[in-house]
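Keeping the supplied structure of chain A fixed, place chain B upon it in accordance with the hints.
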Amino acid sequence: MMKQSIEADGLTSIHLSELINLVKKIHGFDFSGYSKASFKRRLVRIMQLKKLEFYDLKHLLINDHDFFQYFLEEVTVNVTEMFRDPLYYKALNAQVLPYLSTFQHIKIWSAGCSTGEEVYSLAILLQEAGLRKKSFIYGTDVNTQVLKEAKKGIYSLRKIKSYIENYQYSGLPGTLTDHFTILYDAATIHAELKQNTLFSVHNLISDQVFNEFQLITCRNVFIYFDSELQEKILDLFYRSLCPLGFLCLGSKEAIRSDSFRKRFKTVNSKENIYQKIGA
Amino acid sequence: MELSTDIVERWHQSDVLLLGGSAGSFKLLFRTVKSLAANLGKTVIIIIHRKKNYFSEIEKLFGQHSRMYLREICDKDVIKKNTIYIAPANYHTLIENEKQFSLDVSESVWYSKPSIDVTFDTAAEAFGNRCTAILLSGANQDGAEGLLKLRKKGSLTIVQDPSDAEMADMPNAAIHLKAADYILTAEDIFKLLQL
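Respectively, the protein sequence lines represent chains A and B. Per my numbering, residue -10 is the first one in the first sequence, and the count goes up by one each step. Per my numbering, residue 10 is the first one in the second sequence, and the count goes up by one each step.
Because the hints were derived from the structure by calculation, they are not lab data. Watch out, some of these pointers could steer you wrong.
Okay, derived cross-link-like pairs now, DMTMM-like style, lysine to aspartate or glutamate, Cα gap no bigger than 25 Å in a straight line [to be verified]: (1) K150(A) x E116(B); (2) K123(A) x E201(A); (3) K108(B) x E201(A).
Just chain A, with the same shape it has in the complex (with noise of 0.2 Å):
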């Protein structure tokens, strides 16, 4: 692990702007709403990993296209884990799945999917319950580098071990492994298990409604966005939800704004599970 100096003085809030302000006009990302101390962040991060200064990161956000593609992937935060936050899965077992199994098909919107552990997570979940063959799960990023790795579905043994024990706490039956085919320092997820899925680039700020789902989950993405952009993807999931979808926040992300408290019932507070309820 590479240690992170976080030492960013020099950095100030007006460079910030200068730099979101490029990036809109010349790749047509925006990323005004993004929570200004991670941003920041991840700018230092990127300026420390490639030694440099600020005029240099300017001159190649403008001149070279495939440093943008590094920028984008480095400035998005794609630290995922199987069965990350394993109470949040027991919640959607025992609350969730029971009214979803009611539906003739289910559609899941995993939203900001990165490398697609949550994706088979909940696939391995609709399994063990017996719904996966009338589910359809669709995985979405705003990064085409981290979709491919998804659509692979091949984990190193490094990273499975560390997934073993999210799968423990979460409380199905084996054990994480029977879901993976292990061959030398690689895991691959079982082919039937990536059936139903699909993964597809969408972008949650620029981007509109495409499809009608019965479950939305966002976990750890709405963190990366200040409240106000908050709203406006909470809207966008709103009107991707069927009558009495499931919109899953997980533990520490939570429906803040009163208009949409009142749009929601909330299943599981802990959890942040909320159900789509009114016009």
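Then chain B, alone, in the frame of chain A:
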């Protein structure tokens, strides 16, 4: 040891108490949480290293014994006085601005998530000289750089005396960086926080 007027005054003047601890810090943190008055008039933010699936055991235990309102931080929580905030396991806690927290799941820092450095660093940005920050026992180097940043901004920075700490690495790293205004034993730190 008699605590100097300078340290006592600066402690009284600060609005935010930041406590960073790792291995060997639990006892003092627990004792501190139990003793702080409900109307302390400050915000208390605790970053303690622990395993990711430890769930909310610490919050439960601390919460039952605290006279102040105590909660585990949720993303975009508003920062209030007379409240003890605990950084959640497996997330970094950032001070978004003087009124709000943000969480972050990016890479560990010094193998730690939550990282004390991350919170201290963003606290220095957001609060400037308005903090008292205390770095306690621990077996790595997390927190030292963040503490230095707080010191440079004029906040009061205190490090647990390495010879008094169960794990001396974390205090030593901070002292090495010259991040400490004062080096105190656990007993003196506790005494100061009661004044």
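Honestly, which of those hints from before does the structure not fit?
3
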